[in-house]
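2 protein chains.
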Amino acid sequence: MNVAVDAMGGDHAPGVIVRGAFLAVSELGIDITLVGHEEAIAEELSSYRSADHITLHHCEEAVQMDEAPLKAVRKKKDASIRVAFGLVKRGEADAVVSAGNSGATLAAAVLTLGRLKGVDRPALASIFPGEKAPVVLIDVGANVDCRPAHLFQFGVMAHAFTTSILGVENPKIGLLSIGEERSKGNEQVRLARELFKESKLNFVGNVEGRDIFTGDVEIIVCDGFVGNVALKLSEGMGEVMTKSLQRELMSSLMGRASLLLGSRPLGRFKRKLDYEAYGGAPLLGINGVGIVCHGGSTPRAIKNAIKLAAQYVRDGGVDKMTGELNSIEAETFAS
Amino acid sequence: MNVAVDAMGGDHAPGVIVRGAFLAVSELGIDITLVGHEEAIAEELSSYRSADHITLHHCEEAVQMDEAPLKAVRKKKDASIRVAFGLVKRGEADAVVSAGNSGATLAAAVLTLGRLKGVDRPALASIFPGEKAPVVLIDVGANVDCRPAHLFQFGVMAHAFTTSILGVENPKIGLLSIGEERSKGNEQVRLARELFKESKLNFVGNVEGRDIFTGDVEIIVCDGFVGNVALKLSEGMGEVMTKSLQRELMSSLMGRASLLLGSRPLGRFKRKLDYEAYGGAPLLGINGVGIVCHGGSTPRAIKNAIKLAAQYVRDGGVDKMTGELNSIEAETFAS
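Residue numbers (this note's numbering), protein chains in the order written: chain V, 2 to 336; chain Y, 2 to 336.
By construction, these hints were calculated from the structure, which means they are not laboratory data. The beta carbon of each residue, even a glycine, is placed where N, CA and C say it ideally should be. The reader is advised that the hints may include incorrect statements.
As the list claims (entries may be wrong) - Output of the computed footprint for chain V on chain Y, the stretches with three or more beta carbons under 8 Å from beta carbons of chain V:
1. 106 to 117
2. 137 to 147
3. 197 to 211
4. 219 to 227
5. 249 to 256
6. 262 to 268
Stated by the list, open to error - With a cut-off of at most 25 Å between alpha-carbon atoms, the simulated BS3-like pairs for lysine-lysine come out as follows:
7. V:173 - V:321
8. V:321 - V:201
9. V:244 - Y:244
10. Y:173 - V:244
11. Y:244 - Y:118
12. V:118 - V:244
13. Y:133 - V:244
14. Y:173 - Y:133
15. Y:173 - V:133
16. Y:118 - Y:133
17. Y:173 - Y:321
18. V:173 - V:201
19. V:173 - Y:244
20. V:90 - V:118
21. Y:90 - Y:308
To be verified - Label pairs and their calculated CB-CB ranges:
22. V:13 - Y:134: 41 to 51 Å
23. V:40 - Y:321: 56 to 66 Å
24. Y:265 - V:328: 50 to 60 Å
25. V:115 - Y:265: 54 to 64 Å
Between the sequences and the hints, there should be enough to build the whole structure, so can you do that?
Rendered as structure tokens:
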């Protein structure tokens, strides 16, 4: 197993990325190819005693966070994210992990590996810690302006992912809207609803923002703008709440005693809110494995994203998804 | 002070609404006019010993949650929400509170009271408990398909509200998007950004979902679809997290001891997440005062919404907003 990691992508690249790669090597026994500028990476590598199982793959360029994704990827042929997917294309790596410009990661994946059959627009899926079960939210940022047909495809891809990778049978799918009533929601959602209703998917109708945390449905479909706002909002809320809880408890003697006694259950509570545990969001619909991480990822988040990428590869995720996509397409259009 | 309360609106109407009205009368000393079907309300009223300061205003109809708002309000001339705003129009009440169909509340407000000068589309503002300061999110559900010019007007209205009612000088305004970088965001947001930049408002650029909780900006502008998803998501996340914290602490002896010792700081933490404290969202841009409550509001939430309505009236909120709108319009178009 060899995971190509975009060493130039992320707010704290390459330092944090290199550290995450080291954690993956030592804790998970995965080989890593760090893709990026030799000098910058070598400097980071020099602070570690041994770099076994880590290979450096030099490239000259990198896509910056503020660049227009598609344009940058097309222009910069030697950008780290493009080179990383190139390694997968040539069979020199099994998957890509990047904390860089997510639009550029998407563009590089499509340009280099292509899309799976039946997929017009690959999308980012994020796994939320629902109260009853994990909830897959798709899309969380790959596609900001979507047509209803794209939303439907996101549902099909998430169905395939949830069935084949997460092992959930016949997952319930909801469309993220602003009310369960049929007349509510914007034009895009109203039209997508009809497509889902005509399909063989286990579509339950509209769901609301609160359902991302209940786990009543396993899949929630929305456009990448709404999904990204939801993702960032819940990350921010989790952080603020954890800090606020600690501050309140630390502000009194009784509270500090409470913090001491309750350290284990409080720790479990904190871990539930911990988005780093998921590491990153899988890019669904590309002909390969790519995991997109938060720009501000910690080394631990990078390590967990590498772990997710390796699991995806080991599970034969892409083949399973191809099979699911074919079977759903056949069923949907046969009806 | 007399607040007209739509007794037929909400998931648990009229029972919960009547109970909320009683709380408002006894705790706040506000007179209430309950608008709705006499029989249904009288039955609820009969379980209370005294109905002092509560008037019943009969009407035959009500707008249901699943009706198309504008159509329903136009057709049902005797619907409770329309009759309630009619009371304000005739000077028989000072404000309206409703937990019913929010689109119908908006439509009835515009139809009956009209819009303030310079406002094309009234919008719903919700006050979030930011880490540093409260954050006003606008729109949270009144307008699902918006043009860039509408987003700009939401910003102007929120500026007026935050300045005149919350007393914040020169509040910072951000546009909710999916990245701080200029190239990110959908078409609607990219165009709205230009309008804000050309104005005299204290516009800081794009903000992300996480900023709803930091309080780095005082106002966050988005369309009503995204805003409503954000509102419902944070409500749901707050509930799930509070339950999860309690469950974790109750699961062990040490945790239960911790819960006992930390009851006061934990209570303060819980209140911070308590959306009922805000009661409802003010409808900005109408020529009067209307507060929209969550369909699933508790009696306490209804009471707090009545309190907010009364404060808005006492502060002369509508006059102050008219003044602010005029001065911003003059400034913006003079530049």
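Quiz item: So which of those numbered hints doesn't the model satisfy?
Solution: 1, 11, 12, 15, 16, 22
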